[in-house]
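Heads up: the protein sequence lines correspond to chains L and Y, in order. Under my numbering, the letters of the first sequence match residues 1 to 150, in that order. Under my numbering, the letters of the second sequence match residues 151 to 788, in that order.
Which bits of chain Y does chain L cover? Going by a derived footprint, with three or more residues having C-beta under 8 Å, they are:
no., region
1, 386–400
2, 472–485
3, 631–643
These aren't lab readings, by the way, just hints derived from the structure by calculation. Just so it is clear, CB atoms sit at the ideal spot from N, CA and C, and this is done for glycine as well.
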Amino acid sequence: MNLQAVDKIIDRYEAKSSALIGILQDIQEKYHYLPQEALSLTKKRLNIPLINILSVATFYNIFTLKPRGRHLINVCLGTACHVKGAGKILEKLERELGIKRSETTHDLRFSLETVRCLGCCSLAPVMRIDSDTYGNLRQDKAIKILKKYE
Amino acid sequence: MNKKIENLEDLERIKEEGLKSIYPDKTKIAVGTATCGLASGAEEILETITREVREKNLSMTVTRTGCLGFCQKEPLVDVLRPGWPRITYCEMTPERAKKMVNELAQGKLKREWILAKMEEEEFLIEGKIRKYLLNGLPEAIDEIPLYGDVPFYKKQMKIAMRNCGFIDPEKIDEYIGRGGYQSLYKILTQYQPDQVIEEIRKSGLRGRGGGGFLTGRKWYFCRQASGDKRYVICNADEGDPGAYMDRSVLEGDPHSILEGMIIGAYAIGAHEGYIYVRAEYPLAVKILKKAIGQAEEYGFLGSNIFGSGFDFSIQINRGGGAFVCGESTALMASIEGKVGEPRAKHIHTVESGLWERPTNLNNVETWANVPAIIARGSDWFSKIGTKESKGTKVFSLVGKISNTGLVEIPMGITLREIVYDIGGGIPGGKKFKAVQTGGPSGGCVPEKLIDLPVDFEELTRVGSMMGSGGMIVMDEDTCMVDVAKYFLSFLQDESCGKCTSCREGIKRMLQILTRITQGKGEEGDIELLEELSQVVADTSLCALGATAPNPVLTTIRYFRDEYEAHIKDKRCPAKVCRDLITYTIDEEKCTGCMRCLKECPQQAIVGERKRPHQILQEKCIKCGMCYEACRFDAVKVE
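Isolated chain L (complex conformation) (with noise of 0.2 Å):
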């Protein structure tokens, strides 16, 4: 694995430990997840323990240890959305895709995660795949939209 791309990440924030989580975010933006060697190198050049970079890798949410597909799907699960039925879209996708939630396909195209509110409540039930967000959604209108993702 070539790990430039890591190298110049930790060079703009300075090395600084302190800017650990803008350098893990930065690192799984570039990989879609946060590779191995990725961390060791960050360990190295940050100068901190393994376990304090997994700590924080596995605390936060929008991390993942595991790789990601091309796509990810983010279900809406906050309030508005729940009551207006974000679960049975999730589980729609869930039996569309054959995986369930925070699980990537076989193909590699879908990972399918949920989150807890994209602040669109005005048109839920709503979902995010990639930097679309797509709201009033029904069960046979998302998965419509899994159609233009390849």
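Place chain Y on chain L using the hints.
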């Protein structure tokens, strides 16, 4: 080129530029492209309009703007044309947008797609009314209602959201055009730091993030605390599900937050500031970054601001999707690059916060109020609202309500006015049941308390709280036991795990609630929940645990009968809890169209074309697909 603004003349000059940009001398089309606009297709509308204007070579400007608040009617498009009032088009589609542009080119408008017109608008900072010149009115304009007559807007009063929807958030000149950075100039040239604190204290402004602590007092304590370095923080980790007012201000008017923070920093004596934004708001981060860059360019951030000798800089930190980081000490730990665990607050953060230095943290909406208070004075602000709760509050009115959106109203308006007058009541002829306020720390306010005036004290008195301002309306189809279960499952996921009572207590309470919703509830469960609630509330370190039982306690207090129906009769009155309901097909209504049969993921529906279908109960997983699919209302839930 040096763009630094060093004196009032410079500021006035930019203000003129800004006004020209907001009100150009040709037709301007502004598309609302905040996140909810985008989710409704605003980007496509913007592209369509831009393309149409370019292809036809029309003399029109096309820009972006923030959130106009009426999310139900998104995508919204504002048209400003010299000689006309401001016109707001709603529920736009690309086809409609195209037609709209072509009609505008001929000086006409399409009545059916228009939400409202505005003949005058308020410049809040300067306390002025700007009247639109009405000397070239098109036909049919009389039939369009005025903004102030549209029920959704009628009772609103915009202070924190004063610029949202009126300016392009990515243009600092437009913010200055509407009086921006004048308050900063005023305090840096005329006020001592103590005078600023006194002004904010007298205004009665209280923290809008949920705590409701007096902002002026907090600033005072932070200034008094001993230490060589101080910090100010903007809490933009808007974690309460169902609340998104901060996102709207971040995306629609970022400079109001920056200006508020610079004023606060001057008053407190801080030279470094942080904005902690949640990871789920990528657009807000993008817009904030740009705003900070522009403010640095103009010299509102950096060294020697307005030649006063005062230095201040702001850095953005992105959150990691942890709800607990909305708690101030956890948030500070997160900025330090650590796990977001709260700590005991026997020493307050104003004395020892970020890096153990005096730190003042306020929420987005609080900061956005500051420039307005400085500009208009504490007397003006303290006249708005109730005795103990001054000013306005932005609420996100969502859930089972006709007009969803963001509403900013003076404190003290009743729930009835919010739900029925502004919100337009419950859709589909359903019956109103409750409003959930305060996020997972709040509670459900039942119908019998609908005349409750909304302020900090009243909401706390009935067992809920103000929180950050989410208002989720629930109707007869919402099961209150399920709602309590929802919040506990949220809190179970988000508890940081530091305190045993919060970590384990919430889990046990959730187990009991889950049992109840499965029809396995037992006599004594309600009492056990109440007892556990007491323990969790008393023995948790931070507010997450201390308020976690609120959703359970308020639902037991006001909807005990629903709990009892689940426990004793094994029945879910709202027909939500899966183990207690069955789906059947009404043979009279079923036309045998096979639609549900095809949709059923379990092949649990049988029947022939044009003959009534049947659901095989042993196969049914109660996913509700058939219910959604049926066009003849033939699927029944019991």
